[in-house]
Amino acid sequence: MTLFGYRVPMMASLLVWCVVWEIVGRLDLVFMLPPFSEVLAAAVDLVQTPSWQSATVTTLRAFAMGMVLSIVIGVPLGILMGRVKIADDLLGMWVNIFSSAPLSAIVPVLMILFGFGEKTIVAAVFLFAIWIIVLDTRAGVRHISPSLIEMARSYGASRPALYTKIILWAALPEILAGIRLGLIRGVKGVVIGQLLVAIVGYGALFETFSRNFRMAEFWALTIILFAFALLVAELIERAEAKVEYYAGARQ
Amino acid sequence: MGATALRNGPSPVPAPIDSIVEVRGISKAYGNVEALRGIDLDFPRGKLTSLLGPSGCGKTTLLKIIAGLIRADGGTVAINGKRVSAPGPERAFVFQDFALMPWATVTRNVAFGLELRGTNKAEREEIARGYIAEVGLAGFEDKYPHELSGGMRQRVGLARALSVDADVLLLDEPFSAVDEQNRRKFQEDLIRLRTNQNKTFIFVTHSIEEAVYISDRIVLLSPRPGRVSQIIEPAIDRSGDPERIHRDRHYLDTVEEIWQGLKQYVE
Numbered sequence: 001m002t003l004f005g006y007r008v009p010m011m012a013s014l015l016v017w018c019v020v021w022e023i024v025g026r027l028d029l030v031f032m033l034p035p036f037s038e039v040l041a042a043a044v045d046l047v048q049t050p051s052w053q054s055a056t057v058t059t060l061r062a063f064a065m066g067m068v069l070s071i072v073i074g075v076p077l078g079i080l081m082g083r084v085k086i087a088d089d090l091l092g093m094w095v096n097i098f099s100s101a102p103l104s105a106i107v108p109v110l111m112i113l114f115g116f117g118e119k120t121i122v123a124a125v126f127l128f129a130i131w132i133i134v135l136d137t138r139a140g141v142r143h144i145s146p147s148l149i150e151m152a153r154s155y156g157a158s159r160p161a162l163y164t165k166i167i168l169w170a171a172l173p174e175i176l177a178g179i180r181l182g183l184i185r186g187v188k189g190v191v192i193g194q195l196l197v198a199i200v201g202y203g204a205l206f207e208t209f210s211r212n213f214r215m216a217e218f219w220a221l222t223i224i225l226f227a228f229a230l231l232v233a234e235l236i237e238r239a240e241a242k243v244e245y246y247a248g249a250r251q
Numbered sequence: 001m002g003a004t005a006l007r008n009g010p011s012p013v014p015a016p017i018d019s020i021v022e023v024r025g026i027s028k029a030y031g032n033v034e035a036l037r038g039i040d041l042d043f044p045r046g047k048l049t050s051l052l053g054p055s056g057c058g059k060t061t062l063l064k065i066i067a068g069l070i071r072a073d074g075g076t077v078a079i080n081g082k083r084v085s086a087p088g089p090e091r092a093f094v095f096q097d098f099a100l101m102p103w104a105t106v107t108r109n110v111a112f113g114l115e116l117r118g119t120n121k122a123e124r125e126e127i128a129r130g131y132i133a134e135v136g137l138a139g140f141e142d143k144y145p146h147e148l149s150g151g152m153r154q155r156v157g158l159a160r161a162l163s164v165d166a167d168v169l170l171l172d173e174p175f176s177a178v179d180e181q182n183r184r185k186f187q188e189d190l191i192r193l194r195t196n197q198n199k200t201f202i203f204v205t206h207s208i209e210e211a212v213y214i215s216d217r218i219v220l221l222s223p224r225p226g227r228v229s230q231i232i233e234p235a236i237d238r239s240g241d242p243e244r245i246h247r248d249r250h251y252l253d254t255v256e257e258i259w260q261g262l263k264q265y266v267e
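Those sequence lines, one after another, are chains A and B. 1 is the number of the first residue of the first sequence in full-length UniProt numbering; add one for each residue after it. 1 is the number of the first residue of the second sequence in full-length UniProt numbering; add one for each residue after it.
Calculated directly from the structure, the hints in this document are not laboratory data. Take these hints with a grain of salt, some might be off.
Said to hold, decoys possible - Pair by pair, the computed Cβ-Cβ distance ranges are:
hint, chain 1, residue 1, chain 2, residue 2, range
1, B, 118, A, 49, 34 to 44 angstroms
2, B, 46, A, 88, 27 to 37 angstroms
3, B, 180, A, 76, 54 to 64 angstroms
4, A, 92, B, 34, 26 to 36 angstroms
5, B, 143, A, 30, 43 to 53 angstroms
6, A, 89, B, 56, 23 to 33 angstroms
As the list claims (entries may be wrong) - Chain A is nowhere near these chain B residues, computed Cβ spacing over 10 angstroms in every case:
hint, residue
7, 27
8, 76
9, 81
10, 85
11, 96
12, 97
13, 99
14, 107
15, 127
16, 149
17, 195
Note that beta-carbon positions come from the ideal geometry of N, C-alpha and C, so glycine has one too.
Can you make the complete structure from the sequences, with help from the hints?
Below, the structure is given as structure tokens:
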């Protein structure tokens with residue numbers, strides 16, 4: 001983008017919105033919206049509090065466990081569905097339903113199943129993240145050129161070698177795209193899970209801030225979460241670009 | 001007919017003295033469509049045999065049955081006298097769309113057959129480098145397939161097939177996705193390769209000129225269902241300059257003769 005002949009960097013639009021926020025906040029129109037500078041100051045204070053730090057550790061741990069589970073189960077499940085028709089027929093419908101269902105509605109049920117603790121949060125992350133990973137992996141496996149599989153067979157590939165040396169790699173761009181989307185959904189899962197359980201991690205913090213009308217801290221926490229989700233997605237996107245570099249040049 | 005040896009009709013062809021691949025009574029149907037019916041063929045050792053025919057005559061199907069990639073409905077394939085029904089180390093396949101791993105370098109692609117056999121890394125890369133040079137790709141060892149032209153990619157496919165040291169090389173329309181200039185060069189290289197390497201080539205093509213240009217023996221297949229309609233052995237001297245073959249009288253006569261035979265299948 002250029003403005004008056006000057007090149008404007010991509011993030012510049014963000015600055016504009018920050019200024020707008022600051023002005024609206026200063027005008028004191030809405031009680032919900034303190035000035036942006038105040039939110040930033042609150043963020044700086046917030047990250048120094050032990051309650052934020054322990055909440056972050058809890059949240060990150062639940063998020064990581066949920067993501068690892070959904071990748072470890074989702075990728076093989078997607079490969080299975082991409083390769084075996086019966087598995088696809090049996091599971092396809094459910095995966096599609098779950099990937100588009102309003103999952104927040106199920107989180108209270110998880111609470112009954114797993115109790116008011118970390119398990120529920122992990123289950124929520126898993127439930128939010130896994131379906132898109134399964135679907136993308138399946139699509140990737142489906143798109144592998146049949147001749148690549150024939151090539152492996154004709155040169156004597158065993159079944160494990162076929163999967164680890166050909167199928168996994170050939171589907172890698174789609175698998176990574178699925179994981180990236182899964183991570184973003186997983187952030188949603190961790191937040192919704194914690195909000196509903198409301199006594200763990202960020203959920204407890206959000207609950208405290210909004211109950212006591214501490215809006216600056218509330219927004220600071222929101223911004224930290226958004227930044228985290230964007231950062232994670234960006235990191236995976238970097239990895240994807242690297243893979244696309246040679247795997248994307250598929251005929 | 002000149003010096004061209006020609007045998008007519010569906011009657012079994014007398015077996016050549018030393019055949020490495022023996023195909024007996026192969027038939028294959030896809031649903032209601034009969035792709036191949038009662039194919040009997042012998043492929044002489046150390047020769048280049050082409051399977052030639054119009055599209056839909058089942059030539060690729062036959063090649064993949066010989067490769068063990070497709071199961072036949074009936075009949076047998078024997079290599080060196082041993083019946084086979086799955087891929088084996090005595091055969092190597094060259095694919096129409098190259099079938100290279102886009103995430104692997106030229107060296108790894110060429111060495112892939114050896115990698116699957118458990119040859120250690122240093123040894124297989126050494127062998128691969130030799131064949132990369134043999135097909136004229138020296139200096140491209142660390143490139144990725146997308147950095148190569150179509151012709152170069154197929155050279156990688158050919159080097160991969162050579163590196164496993166199979167007796168029989170099965171080539172499925174290897175030049176059809178390669179541009180015309182590269183195809184010419186490639187055909188010349190294949191003639192040279194056939195003389196240097198003591199291997200048997202089975203070559204599927206739909207191009208009459210290509211088949212006559214490179215083959216010791218041409219098997220003409222007729223379509224729906226695919227059957228052997230004719231076997232031709234062009235008596236062309238390929239020892240000199242390969243450019244000369246295109247002006248050779250026998251070459252031109254054989255191309256014309258096959259065209260007259262195939263014309264009936266073309267609307």
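These are the hints, each one checked on the structure:
no., hint, in the structure
1, B:118 / A:49: 34 to 44 angstroms, "58 angstroms, violated"
2, B:46 / A:88: 27 to 37 angstroms, "47 angstroms, violated"
3, B:180 / A:76: 54 to 64 angstroms, "46 angstroms, violated"
4, A:92 / B:34: 26 to 36 angstroms, "34 angstroms, holds"
5, B:143 / A:30: 43 to 53 angstroms, "60 angstroms, violated"
6, A:89 / B:56: 23 to 33 angstroms, "32 angstroms, holds"
7, 27, "21 angstroms, holds"
8, 76, "19 angstroms, holds"
9, 81, "21 angstroms, holds"
10, 85, "13 angstroms, holds"
11, 96, "7 angstroms, violated"
12, 97, "5 angstroms, violated"
13, 99, "4 angstroms, violated"
14, 107, "14 angstroms, holds"
15, 127, "14 angstroms, holds"
16, 149, "12 angstroms, holds"
17, 195, "25 angstroms, holds"
In summary, the numbered hints that this structure violates are 1, 2, 3, 5, 11, 12, 13.
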